[in-house]
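Colleague: Chain by chain, the residues:
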Amino acid sequence: MRRRPGIAGLKSAAAARDQYRLVGENVARIRADVMKEQLETFRTQLEDFARKHKNDIRKNPTFRSQFHEMCAKVGVDPLASNKGFWAELLGIGDFYYELGVQIVDICLSTRSHNGGLINLQELCSLLCQRRKVAREAVTEDDCLRAISKLKVLGSGFEVISVGKKKLVRSVPTELNKDHNEILEVAQAQGYVTIEELEKRLSWSSGRAIDALETLLKEGLAMIDDGHRDGKRRYWFPCVASIFSAPGSDGFRSL
Amino acid sequence: MQRLGNFKLPQFFNFPPFFTLQPVKETREKQVQVWKQLLLDYCRSQKIFVIGLEEDFPLFSNPVIERSLSHEAREVFLSALISEGHAEWMDKDHRKCLMLWLRLQEWADYILNFVKDNGLQDGVMTIEEMRSGTETHELAGIDRGLLLRVLRLLEQKGKATIFKGTSADDDGVKFSV
Numbered sequence: 001m002r003r004r005p006g007i008a009g010l011k012s013a014a015a016a017r018d019q020y021r022l023v024g025e026n027v028a029r030i031r032a033d034v035m036k037e038q039l040e041t042f043r044t045q046l047e048d049f050a051r052k053h054k055n056d057i058r059k060n061p062t063f064r065s066q067f068h069e070m071c072a073k074v075g076v077d078p079l080a081s082n083k084g085f086w087a088e089l090l091g092i093g094d095f096y097y098e099l100g101v102q103i104v105d106i107c108l109s110t111r112s113h114n115g116g117l118i119n120l121q122e123l124c125s126l127l128c129q130r131r132k133v134a135r136e137a138v139t140e141d142d143c144l145r146a147i148s149k150l151k152v153l154g155s156g157f158e159v160i161s162v163g164k165k166k167l168v169r170s171v172p173t174e175l176n177k178d179h180n181e182i183l184e185v186a187q188a189q190g191y192v193t194i195e196e197l198e199k200r201l202s203w204s205s206g207r208a209i210d211a212l213e214t215l216l217k218e219g220l221a222m223i224d225d226g227h228r229d230g231k232r233r234y235w236f237p238c239v240a241s242i243f244s245a246p247g248s249d250g251f252r253s254l
Numbered sequence: 001m002q003r004l005g006n007f008k009l010p011q012f013f014n015f016p017p018f019f020t021l022q023p024v025k026e027t028r029e030k031q032v033q034v035w036k037q038l039l040l041d042y043c044r045s046q047k048i049f050v051i052g053l054e055e056d057f058p059l060f061s062n063p064v065i066e067r068s069l070s071h072e073a074r075e076v077f078l079s080a081l082i083s084e085g086h087a088e089w090m091d092k093d094h095r096k097c098l099m100l101w102l103r104l105q106e107w108a109d110y111i112l113n114f115v116k117d118n119g120l121q122d123g124v125m126t127i128e129e130m131r132s133g134t135e136t137h138e139l140a141g142i143d144r145g146l147l148l149r150v151l152r153l154l155e156q157k158g159k160a161t162i163f164k165g166t167s168a169d170d171d172g173v174k175f176s177v
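Protein sequences, first through last, are from chains A and B.
Going by my numbering, the first residue of the first sequence is number 1, and it counts up by one from there.
Going by my numbering, the first residue of the second sequence is number 1, and it counts up by one from there.
Isolated chain B, as found in the complex:
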């Protein structure tokens, strides 16, 4: 089976009609479903947080079968993810899309568990510290903007306090779980 780096592509990726938006409702639903899954799985495994619709995103075309997704199709698949909270448009023109394989609330829960598991309650961490870490770690390499939003969500619930540092690199957070 075809691979993209270390990512194993699903079979439908080599089946040309999956690159054309299907006119029949049921078939379209199935098509959207498999694409949603592929987009999320791929982004999660490669830690890709932002997809540019105009860019050469590896999943948008398959040179092996000489097919690529139309702009409309890209928008349809991403919109489907957005409707379930698994993505967000980053601009009005729908050119960039933020991928949320964990939804915002799920990220918040994940971070709380991470804090508990590592005994970080009442400790202070910098934002950069949270983003570093081993490859396999879910938080490693997380989009900075996304992380800040999740932390603010926690702040609203009184579970975290964000500190402004002298520079952006020094921004810190204190958890009070």
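Bound-form chain A, shown alone:
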């Protein structure tokens, strides 16, 4: 005959379980308290610092970037979450989220003329124009920071370096080395000709045409057959200075 557990056996087992739980909870609580205390100290220190320099952080771009560097060193990311004291204290999370939204907006609204590749400088100046009311200077460093936050969206925002310039890419186009070199040559005047590519990069005309065709298809280049010399020019709105002239209202109305 199978032995059935008696009432007494069940009770003692339950009592033992309760004991274990109590002890375990105690240990966890003590640990948590210590942690809390440490965090509290760290937090007050940081808060003190941030409060003291709040205005500098908000208004002074250089200070802001130094502050970010410091945070990075201690392993704190003030932008990681919009909740928590950074956001409350500095509004700094909001600052970059706002910037991010505005950057996306600008990239989208200028995509029609630049094919989704925009000069960081131009982006920055458009951003400043848009934020005129805010009266807070925005640097390229801030733009880069905001863009790096956009990456988590997986939306393909990326900064690429072409020659001395930085371009922000908002379309998933892969640019190869040839394309980059063309953009680099185009920086001088905003356009290139096939002849120029042959001469400057010692390419065959086939190679030049091939790469240019791809850039055309991606909407990054536009052809211009109107010049007196009859040579076709390939213009690149993303590096043409006409769109980054100060005070330009660009294609925003489109």
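Honestly, the hints are just simulated from the structure, not real lab data.
Some hints could be false.
What the hints assert, rightly or not - Chain A regions said to be covered by chain B (calculated; three or more residues, Cβ under 8 Å):
hint : segment
1    : 20-26
2    : 216-222
What the hints assert, rightly or not - Dumping the calculated DSSO-like pairs for lysine-lysine here, alpha-carbon to alpha-carbon at most 30 Å:
hint : chain 1 : residue 1 : chain 2 : residue 2
3    : A       : Lys-231   : B       : Lys-25
4    : A       : Lys-231   : A       : Lys-199
5    : A       : Lys-165   : B       : Lys-25
Quick caveat: nothing in here was measured; it's all calculated off a predicted structure.
Note that beta-carbon positions come from the ideal geometry of N, C-alpha and C, so glycine has one too.
Starting from the known structure of chain A, arrange chain B on it as the hints suggest.
Modeller: Just chain B, lined up with the frame of chain A:
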């Protein structure tokens, strides 16, 4: 920014490739879009009702960058406007184009509102009276042929009656809104 009289030109007007028809579909669509807008905005602000394709229309060339639109490009942009009812060819050869920043029906609605707002119901106006008026007024300087067509449209709907005068100047219209 460059200006044409009191009209502020958009930035693309100084960007040479916009004067060459773009071969890539998406880029072409954007190009057509900005040109359509420019043509309508300019004509509306300057009250230009007819564009001659062969003529020296100020928007067809930009001396600053030494670029001008080919005949084909002019026709492409205007055809795009025509397809949305914002323009009409005036002849078979596509040499002249009537600009309709308000479509015919929109003009008709505009006139009806104008009549209501000014208490002109059951009153009689001459066509010339309607066309005169202050500069800022939308009807001022409206193309006579266009105005007559819009009035006939209203007549068909029983909202207006056109009277023949002794001379063209005396043609009148009575609204019954």
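Colleague: Now look at each hint and say whether the structure bears it out.
Modeller: The hints, checked one at a time:
1. 20-26: Answer violated; 0 residues pass the 8 Å Cβ test.
2. 216-222: holds (count 4)
3. Lys-231(A) x Lys-25(B): Holds, at about 22 Å.
4. Lys-231(A) x Lys-199(A): holds (15 Å)
5. Lys-165(A) x Lys-25(B): Status holds; Cα separation ~29 Å.
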